[in-house]
Every structure is written in C-alpha cells, then in structure tokens.
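Going down the list, the sequences are from chains X and F.
Numbering-wise (the working numbering), the first sequence opens with residue 755 and increments by one.
Numbering-wise (the working numbering), the second sequence opens with residue 421 and increments by one.
Simulated from the structure, these hints should not be mistaken for laboratory data.
Since no wrong hints were added, every one of them can be taken at face value.
As a list, the in silico PhoX-like pairs of lysine-lysine whose alpha-carbon atoms are at most 25 angstroms apart:
#  : chain 1 : residue 1 : chain 2 : residue 2
1  : F       : Lys526    : F       : Lys472
2  : X       : Lys825    : X       : Lys763
3  : X       : Lys763    : X       : Lys824
4  : F       : Lys472    : F       : Lys423
5  : X       : Lys811    : F       : Lys526
6  : F       : Lys489    : F       : Lys423
7  : X       : Lys763    : F       : Lys526
8  : F       : Lys489    : F       : Lys526
9  : F       : Lys526    : X       : Lys837
10 : X       : Lys811    : X       : Lys825
11 : F       : Lys423    : X       : Lys811
12 : X       : Lys811    : X       : Lys837
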Amino acid sequence: DGGITQSPKYLFRKEGQNVTLSCEQNLNHDAMYWYRQDPGQGLRLIYYSQIVNDFQKGDIAEGYSVSREKKESFPLTVTSAQKNPTAFYLCASSIFSGSGLNEQFFGPGTRLTVL
Amino acid sequence: DAKTTQPPSMDCAEGRAANLPCNHSTISGNEYVYWYRQIHSQGPQYIIHGLKNNETNEMASLIITEDRKSSTLILPHATLRDTAVYYCIVRVAESGGSNYKLTFGKGTLLTVNP
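Please build the complete structure, drawing on both the sequences and the hints.
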C-alpha cells in the first residue's frame, strides 16, 4: 500500500533533550512538509522540502531542524531550543507542480509530550 | 491567501445531507477553495477543491457561489464516520510552485448523530 508513515505514534521526552521524528513516504512524491498542531488549533508549517537535499523554513521553524537526504524520508528534529515542543506533529507529502496546487497527503501524526 | 470563516460546530443526523458553509469574501480571482477534514487524532484528509465551477467526487460536492465569496461542502449521506473537523482553505495559484503550504484555521466540528 502506498502512503506516509510516521513513527512513533506517541513520544515522551525529558525537557532539554533533542528528539527526532520519523516520516517516510512511498508515494514517489517530490515535496514533503512538517506541520505542528496544538490542541483546538489549526496546522502551522514548520519546514518543507520540494526536492532532495533542499528544504525551506516555514512559519515556525525556530527550535526545529530537518534533513532531506532521500526522496522518501524527511525526519524532523525537535531541539532543546524549542520552547513549547509538546504538540501533535504531522508530516505530509505531495507531487510538485508549477502552481503548487497539489493535494497534500498526511501521515497519522506523532504526539510528542515533553515531561 | 484569503481568510475563511466557518461556524465552529454543526450537527447532522446520520443518513442526512451535511451542508458545511464557508465564507471567503476577500477571495481573489486566482485563489482556489480547498476542503480537508481531520478525524480526531489523525492526519487531515483531502476532500475536494474548486475554482469557480461546482465540483463533485466520490466523497462530496462543492458548491461555490457565483461571486465566489462563499462555498458549501455537501456530504450527501452523512455517516458516523464523517464526524470530524472540516477545514475550508483558499490557496493562490502561483507559477514557480511557491504556494507550498496549507493554512488551516480552526474549522467546523461536524458531529453526525445516530
């Protein structure tokens, strides 16, 4: 089955620790995205990547880092510099076109809790 | 991207049509209307999108008013599994692929009741 997988589904970390969230897709999509969702709120874009070895900051990139070494993978690291890391993290992917108007397919999400 | 306004919540009886409104009075000519939904604790799911013509697919219908200032998402026969938050989003079409992100508001929580 084609799709996007995120692991783990639930993640706990101690304050001051870095943690990496996994996102893998087998849809052969060029573009991948990371969003953050807080309770009762919409999604906010953290980082996105339109092609391998290239990525751009979204609206709330501070305290986060990413890499895009492979087309299928776009891991997100939540660093200790992120002040309020507890949230629901969603990864998405899409094909890339000139207009950017392609539907984004989302993974099941990772719920990160900082203790 | 233009802003959208949606009611915070709606109820619908199972088997009946669910009509979810969205106001986007500042929409411009090159902006599309997109709908996504998010079932609790899952990732959002694409439903449908349109520019000015009405659209229909296997999930829903999208009715856009002639002045494009509002739209309605119609789920023709709502089921309990359609209970979710529904997001109406407007996105501009720009050459060069710079329109990369989806800006989600708070959406409408649709509760389908048995």
